[in-house]
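Asker: Just need the whole structure built from these sequences, with the hints factored in.
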Amino acid sequence: MTVSFDILIVGIGGQGTILASNILGEACLIEGRHVKGAETHGMAQRGGSVESHIRIGGQFGPLIVPGQADLLISFDLLEALRYSHYLKKGGMLVVNRHLVLPTSVFTQKIAVPTEDEIIGRLKNCDLCLLDADAIAADAGSVLAQNVVMLGAASGAMPLKPESLVAAVRKLVPPKTIEVNIKAFEMGRKFEEKC
Amino acid sequence: MKRQYLLGNEAIAHAALESGVDFVSGYPGTPSSEVIDHLRVQPERSFYVEWSVNEKVALENALAAAWCGVRALCTMKHVGLNVASDPLMTSAYTGVTGGFVIMSADDPFAHSSQNEQDTRCYAHFARLPCLDPASVQEAHDMMRDAFRLSEEFELPVIFRPTTRICHSKGDVELGDVAASPRKGEFHKDPKQYVVIPAHTRILHKKLNEKQPGIKKRLVECGYNRYEILGDTAVIASGIGASYVQEILPAGISFMKIGAYPIDENWLGDFVKKHKKVLVIEELTPEVEEQVRQVAGGVPVFGKKNGYAPVEGELSPPLVAAIMVRAGFLPENPFPAVVPEPNLPMRPPILCAGCLHRAAFYAIKKVFKDAIYPSDIGCYTLGLQLGVVDTAICMGASITVASGIAHSGDPRDVVCTIGDSTFLHTGIQGLVNAVYNGANMTVVILDNRTTGMTGHQPNPNTGKTACGVETPPVSLDALCRACGVNFVETVDPFDLAGTINVLSLAKKKKGVKVIIAKQMCVIMARRAGVKRHRYMVNSEVCTNCGTCVRFGCPAIEVVLEKARINELCSGCAVCVQLCPCGAIGREVSR
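Taken in order, these protein sequences are the chains called E and X. All residue numbers for the first sequence refer to this note's numbering, where the first residue is 1 and numbers rise by one. All residue numbers for the second sequence refer to this note's numbering, where the first residue is 195 and numbers rise by one.
What the hints contain is simulated information worked out from the structure, not anything from laboratory work. Be a bit skeptical, because a hint or two may be false.
Mimicking SDA-like on lysine to any residue, the simulated pairs with C-alpha atoms at most 25 Å apart in a straight line are [claimed, not checked]: (1) E/Lys109 <-> X/Val752; (2) E/Lys88 <-> X/Thr664; (3) X/Lys755 <-> E/Ala111; (4) E/Lys170 <-> X/Glu367; (5) E/Lys109 <-> X/Cys735; (6) E/Lys88 <-> X/Gly289; (7) X/Lys562 <-> E/Thr107; (8) X/Lys498 <-> X/Asn459; (9) E/Lys109 <-> X/Lys558; (10) X/Lys702 <-> X/Asp603; (11) X/Lys377 <-> X/Gln236; (12) E/Lys88 <-> X/Lys724; (13) X/Lys196 <-> E/Glu162; (14) E/Lys88 <-> X/Val531; (15) E/Lys89 <-> X/Phe528; (16) X/Lys724 <-> E/Ala111; (17) X/Lys559 <-> E/Ala137; (18) X/Lys562 <-> X/Gly631.
Short, incomplete list of chain X residues facing chain E, as computed with Cβ under 8 Å [unchecked claim]: (19) Pro375; (20) Arg540; (21) Ile543; (22) Cys572; (23) Asn731; (24) Glu750.
If you're wondering where the values come from, they're calculated on a predicted model, not measured in any experiment. Glycine included, C-beta positions come from ideal geometry on N, C-alpha and C.
Answerer: Take a look at the structure:
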């Protein structure tokens, strides 16, 4: 088997998982490494649960096997729990402390775990929990929460921070480069507290 | 040469550019849409590109271009090939002069489709060569080569990636974009292009005579290859080959199938050198059937004897499990893990401020005990609102509605269809319903785009694929021309007005058409449309649940009161629903 470093990014359609995965892919190119990925497109993006697989150094299939991910980045608490079985033992979990309740919870009165219950159930993992929305707002735009999350997870990745910064610079809309670089650095700083 | 991190479909589009493609057509469909979406926004474009109204139209357009000697690409999803199958079957007889590649993207596991059909069966049926990539890089390389092979065989070539190729990403080695030296010129040759019986009998024979040469050539190209490493073997195709390669133990031979038809003699020689073989492929046992035909006494493991599933998509742990079961792997390298139980699902949902939700609400209000045939698009999500009773294929809302109306069921029949779907294959059903005197109501959900597949323009939007202004079709005039007398256009955000028109339609006999027109909320946001947001006055709210049952993701319940979150796009439909008048414009907080 080849050794790849497997990162799963999960969230809700529209939260920017695809841009986050593109930034990781671009950083791999900058470092001259192979990379494979897979993601959700089409109807599932309409507010549904979405996943992006990134296999750094991957040479074969694009899918990460449940129980094998080295790093799980979740833009939402409930999605973190939904995909937590993808992490391998000792894998790291970086989660935005943000909970969007599925609409069915209200329309069909379906039971849903509280924030504290979810965090309690994630405690078995090597957990880094942060309020990426607030950090992104501090950096200049709440839309940069996906880049804050990458910053916070960057220490766990086998990629140099400068490659990631260069990738951010290349892929975000030109007008938002400064905000996103700041968001990345603030995320990185936060990680030291984890 | 350059290396880029690309989506499979982007790599495929780039390969078409490297081949100097001259003509591109297609109809959007997941997972195929991004190929044309990538090509149509190229800043410097020397080729022609169109979004066609449906796949049959797209294929015939592209076929004609290839008859004129230019390189043509036609893209669609697997079920689109059903629509295009009529010209497909006979295009194998007529052949082509310019390279013609038909991309039909399969969707094992039906991530975003109504079935799991396998395009390889069409290739087999039509006797056309088919390329089946195992990775993004191979998809790129095959698309690049496909035009040349098509010219060599003088046949259309089917290119069949799957969701896990189209929507995979990888670092891809790209070549340079090539300028086309070709210019279309039609050479009249009725024996080739007019398939009257006397001609077609000869063309059929010619098609069959080409087959042995194609099989040999596909092995020479290296798409079908093997390595003998032991006395047992795994034969794999498509993405399954990538999964096998990652876990294949030393000492087991490996054959990779990437192109069809397979050379039986070549296959037989390989199989007979082994004591047993396992076949790994997605969907139909297309390769396995052929392996069994040549295997003689060699035991074959696969779908036909229950070692591998016939439905769904493969995954690395599933491939490992099949290999363990068939004795090709001592144990599964991926121990099973259990997901967290009992979490609320998060399925896709109509957006906050989507016109469809408002239209569905009004339909249900007026037609309480009715039958609701629907169609393929975002609005199929109306299932969650109880207003979608059938969905089978593009355009079938109207035909299913007229079928039910004539069946004797006394209930009202109200069908829903999107603007792009109506133009795709809805019109014929409407003509038929009027002609044959059905009693039914058709609601065209006109969101001014092809929403679900990524907002492609269509003849209703007044823009071509490349953004050039074009005369928009008038849905109203079109429906009247079909013979419909009752055609009304409503704004679904005006609930009272919409309910009023639907009530009028309910009282009338015959076919009634209501066009519920309002721009897709995602398009509106991109176009800079700004509406006031709304909020709930919690002192007035009685938590009656009326707005919550509307099912808008912007409406939540917090501390036993309705609350409108930041997803609100200002459609104001909930304001009209609230019996207490608790919802009003947001005031700055």
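Asker: For which of the previously enumerated hints does the structure constitute a violation, in increasing order of number?
Answerer: Of the numbered hints, 2, 6, 12, 16, 17, 19 and 23 do not hold.
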